[in-house]
Amino acid sequence: MTAPQIFPDWHGQPLDGVIAACRQLLEDDTYPTVRRWREAGGTVAGHFQVYFPEEIAHAAGMLPFKVRGGPVDPTQADSRFGSYLCSIVKTSLELVLSRRIELELFVTHPICDAARNLAAVWGRNFPYPCQILYLPQNANSAHAAAYLRGEYDRLRRTVEDVSGRRVTDDALRASLTVFNANRSLLRELYALKRETPWLAAADETYALMAVGGLIPREEHNALLAAALPQLRARTTRRHDRVRVVFEGGFCEQPPLDLLRAIARSCYVVDDDLLIGLRWILEDVPTDGDPLGNLAEAYLERSSYSPVQHDLRKPKEDMLLARIRGADAQAAIVTAAKMCEPGLEEQVTYTHALEEHGVPFFVSEFEENMTSFETLEIQLETFVENLLFD
Amino acid sequence: MPTTVDGSIVGRGNADGARLFREWFAGLTAAAEAGRGSAYVFVMGSLAELLRTFDFPIVFPEINSLQTAVRRVAHEYLNQAEDHGYSPDICGYVKADVATQLRGGELPMGRIPKPSIAVHTNACNTYVKWAEIWERMYKVPVVTIDVPGTRAAGTQTWPGHPDFENDRQYVLAQLRELIPTLERVSGVPFDIDRLREAMGHANTMNVMWRRVLELNAARPSVFNALSDGTIYLGVANGFRGAPEGARYFTELVEEMEYKSAHGIGTLTDERYRLLFIGVPCYPIFRRFTEMFTELGGTFVGSTYLRFASGGANLGFTYDLDRPLESLAEGLLLGVRDAMDNMFFQTDILIRMLDDLAADGLVYHPIKSCRTVSTGLADSRRALLAARDVPSLFIESDMMDRRVVSEAQLKNRIDAFFEGLASRRAQAALHTG
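Protein sequence lines correspond, in order, to chains A and B.
According to the numbering used here, numbering within the first sequence proceeds without interruption in unit steps and concludes at 1860.
According to the numbering used here, numbering within the second sequence proceeds without interruption in unit steps and concludes at 542.
Simulated from the structure, these hints should not be mistaken for lab results.
The structure displayed is predicted, hence computed values, not measured ones.
Heads up, some of the hints might be wrong.
The list that follows gives simulated cross-link-like pairs (lysine to aspartate or glutamate, DMTMM-like), each with its CA atoms no further than 25 Å apart [said to hold, decoys possible]:
#	chain 1	residue 1	chain 2	residue 2
1	B	Lys249	B	Asp165
2	B	Lys249	A	Asp1781
3	A	Lys1808	B	Glu192
4	B	Lys249	A	Glu1666
5	A	Lys1808	B	Glu186
6	B	Lys249	A	Glu1771
A few chain A positions that, by computed beta-carbon distances, are all more than 10 Å from chain B [to be verified]:
#	residue
7	Gly1488
8	Arg1509
9	Gly1513
10	Asp1544
11	Thr1546
12	Asn1609
13	Arg1731
14	Arg1772
15	Pro1830
16	Met1840
17	Asn1856
18	Leu1858
Ideal Cβ placement from N, Cα and C applies to all residues, glycine included.
So that you can see chain B by itself, here it is in the shape it has in the complex:
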């Protein structure tokens, strides 16, 4: 730890992230009050870099929904959607958004405009069903950009392979079909130079995002992938393709490099480095993280920061000389990687364990999200067969506090740390 810490750098990412979020929501509220339409998108394959060039305010309903949970009002939204007919057994994000729409876009952070168009990928099947709700509610165009993913573990194909080219041509054709729709809805003509500019900002963000994730290999780790990481992730999605996003991540890398160089971590005593697999427990977001940090555990990495960034972790850089073709390739690779982090994550986790020198894994399947949660128990079995590493498997939810039992979680987490401590003591005996 340095004797003096540059306060203008350390903590800047969190503060600026919060400020950007407030500004973003102020902009959305102003758009809603002005009666403007917007583009509704999702985090995995948002195509924000393209949509920005048509001057759409961009709304991420997943982010809005999780904010209702973080601000502890999700149950009000969930109840309203369930009264409208939606089952307790479907995605909580969808239900919170349905209630948001029934409330005219009112959210704790502001008000969101109605959609003029919705553009979504198939990275999550619920995206498709969710967008159908807006299609019916607002009679607006809903465009699915179908991005084929990995067919089986370890069988990814790459540029030049006929199967990859079949996928790429399909994605490219869909992007070409999307553009006239965006022109029609927005009234703004397509400008390929504006697209290049936005893609340039996305390039900066992608490269920096990857670097931020790598920098957490530092010991002590420079950010908590669950708490701090979620702030960064919000900016990565909300400001993708925007100059503010590129600048934010450039400065975030500077902050993380400074912390790494000066041995500044997130905990005064980092005892256990953990990986988080799944979606955060937003109804008790801060407390959930504290249950680990109080015992010296910090999350050095997560699959969430990879899949929910739409694969930005790859650090893919677009070729600005052939923007549309490269956008298709980047979308295909990014969304595919996001899906791999949810479905085929065994090898990915093994690499993360090594790269980030992690001591254990925390699996957190949730009721609301089958995409992420369905295979986690089996994935854990496979990983434990490949690696002798401690792991914790705890279930709750990302939205619904009715299925979050803090006391049970605490018991399990405490027991997990006892196991970590015991394991470390045993190892010390053997090496001593």
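Just chain A, same shape as in the assembly:
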């Protein structure tokens, strides 16, 4: 079966039009790409933040859909949850309760105490398989890769049952190739952010990246391959802006307008936004055992986030390395409201940044916040202090 084109909106557009199409898709609460995929007979595997081995669903011909909340009011979901919760958990469920999104499979991960409840909550409300993928939390065990390989094999069987299609090693290898290309293009996008941030504002690069969770990776690859040369060809003048790293976007996502507000006074030269799409840092080998290779890459050639404990990757050291690697002058250390791991890490980050003399700006956000004036004024003051210090 030839995969249907579900996001043609950017085709034939100049760069600004491509970016506008991506923004529009991200803010469209009807999720037209998923709807088109299903109308063409496709099945959808929803996976909650942060990382999911999308190749396994892709190899079965399913659309891996990144469940990361959305621009909706959780009117139905509110009654399923307690009061003290982050927004993403509630709006994610709202997307399915309101039938904006329909799935054949839902997978969550034990990234935090709230998210690990989602498989149970989802499973009580929907008849399709809703499960937890237990990514290893002891990344330092010599047995972690073998365990994860087994866990991926379990997921493969689930995906086969749901899709009705056998996931062969060859199909997995083909999917690895598609996703390796995607990761490579995203690395190029982030290199451009670091090297020439005046050519691509934070909200623009985010829009180009984030649509990857809503469309087939083949389409995302084509989009990025078309956009990257156009970004490089821009003649935007370089401004005297502070180079910052944005940290705190690993799960719930800040609204695009927040990123736009930051971009007005800063060059965001690196970030952890949707880090799951960029979790694996290098190409996954396509020879040998594809599931084993994918498991090994998750553990050994991967980024960091507050929701993975790895003795080799102390988060504060990783953030400092990210700041140094991007030649940033400061950090914006955010956390989503009620996000326990993010809020806990914020303390560590700020103490480490203080110790190393790196200026930082601390804030909290919510995916559906609509007022950015106060934050923008505070950020401008922070930036002015840096520029004129």
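Following the hints, position chain B against chain A.
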């Protein structure tokens, strides 16, 4: 009610529990004053039976934190941690512990030693983040024992199934990796016979713990799962793998069997048998229970006594002929069951309703604990769809008195009992 009650038996569990706690804290204080290190662990998957064999004093920061709330000083600790940078929106246990560490281990019950090592499972994600704080504060080894849980409701696998074996091999490998670290940190060589002995004590405790929970099917119930049960739970955690713990639970079963045989309950007039789902309201611990008992309600069971015992309720007995393998299996099954009691509890609650002949359910989600609280509203919907049973849903906190409104709780609880009474009256009319 018997004409004479054996005073040496009835009430022994509570008195001995309090005494053991005092002795435990005296031991921790002595260790702290001697400058000894300790092992920091958590209640769900403490591995105390293994750690004891390396002579570590064992510290349970969750228990320390809840004690600050019970003794009504939690706010002092919470404020100190918030001044240090921690958000009001994170786990209160973590913040009370941060403040405890900033105070050099000082607590109302004594002083705790600094950690030499921290060993924790993933039963609660906050365990992982919490241990990272000690890792940074003290530069000590922090070992995560990753225990995969149930993937979806009703899909548990068992020994022999490839998925179970994948999980078991992973847990076993981690235990094998842990032992050299424990030897290095403690300076004590691993002694498999000492492990067998400690596991034997844990076996006794597991079997007896399960029996204690079963005995509350008696009418009247022989202990209040919220007040008395929390004392027993403290001993189950603090003395896991120790001879004192095994003896305590053996005697507790004797006490409960005596009470059951003689019709001795916790209330003179037990009118409503309730299940408690969630974590207790420690800032007003005694008063919270009284708001139910004053109206003839007693808690005959709780998910808390199951998950916070690390799944000891299963009554799992280790095979002492293959201790490490069996420790891995027991840890996997116990922690998985603890997690099931938090995430996938619908069927568990239905069984508890039947086994304990409960009249109603009290859901108590709390601000501090998303692990337990996130899905409770939805879980309640599912349970009420399956069973016609009265339920109460009240929110407060386990640590932070700022989010505990006693008056509001009382209003809701009173209304719940009115509903219970009305329901009973209606039922009597229909059957009469």
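Checked hints:
Straight-line distance between C-alpha atoms of Lys249 of chain B and Asp165 of chain B comes to about 21 Å, which keeps the hinted pair within the 25 Å bound. For the hint pairing Lys249 of chain B with Asp1781 of chain A, the CA-to-CA distance comes to about 15 Å; that is within 25 Å, so the pair holds. Note on Lys1808 of chain A and Glu192 of chain B: the hinted pairing holds, with a Cα-Cα distance of about 16 Å set against a maximum of 25 Å. Distance hint between Lys249 of chain B and Glu1666 of chain A is unfulfilled; the C-alpha atoms sit about 36 Å from each other, more than 25 Å.
For a cut-off of 25 Å, the pair hint linking Lys1808 of chain A to Glu186 of chain B stands: about 24 Å separates their Cα positions. A hinted pair counts as satisfied when its Cα atoms are at most 25 Å apart, and Lys249 of chain B with Glu1771 of chain A qualifies at roughly 23 Å. No beta-carbon of chain B comes within 10 Å of the beta-carbon of Gly1488 of chain A; the shortest separation is about 41 Å. In this structure Arg1509 of chain A is separated from chain B by more than 10 Å, as the shortest Cβ-Cβ distance comes to about 23 Å.
At roughly 23 Å from the closest C-beta of chain B, the C-beta of Gly1513 of chain A stays outside 10 Å, upholding its exclusion from the interface. The claim that Asp1544 of chain A lies off the interface holds: its Cβ sits roughly 17 Å from the closest Cβ of chain B, which is beyond the 10 Å cut-off. Every beta carbon of chain B lies more than 10 Å from that of Thr1546 of chain A, the smallest distance being close to 14 Å; the non-interface claim holds. Here Asn1609 of chain A does not stay apart from chain B, with its beta-carbon only about 4 Å from theirs, under the 10 Å limit.
Listed as a non-interface residue, Arg1731 of chain A keeps its Cβ farther than 10 Å from every Cβ of chain B; the least gap is roughly 26 Å. The Cβ of Arg1772 of chain A sits about 20 Å from the closest Cβ of chain B, beyond the 10 Å cut-off, so the non-interface label holds. Interface exclusion of Pro1830 of chain A from chain B stands, the closest Cβ pair being 17 Å apart, more than 10 Å. Residue placement check: Met1840 of chain A keeps its beta carbon more than 10 Å from all beta carbons of chain B (closest about 16 Å).
In this structure Asn1856 of chain A is separated from chain B by more than 10 Å, as the shortest Cβ-Cβ distance comes to about 21 Å. Listed as outside the interface, Leu1858 of chain A is consistent with that label: its C-beta sits roughly 27 Å from the nearest C-beta of chain B, beyond the 10 Å cut-off.
In terms of the numbered hints stated before, the structure departs from hints 4, 12, listed from lowest to highest.
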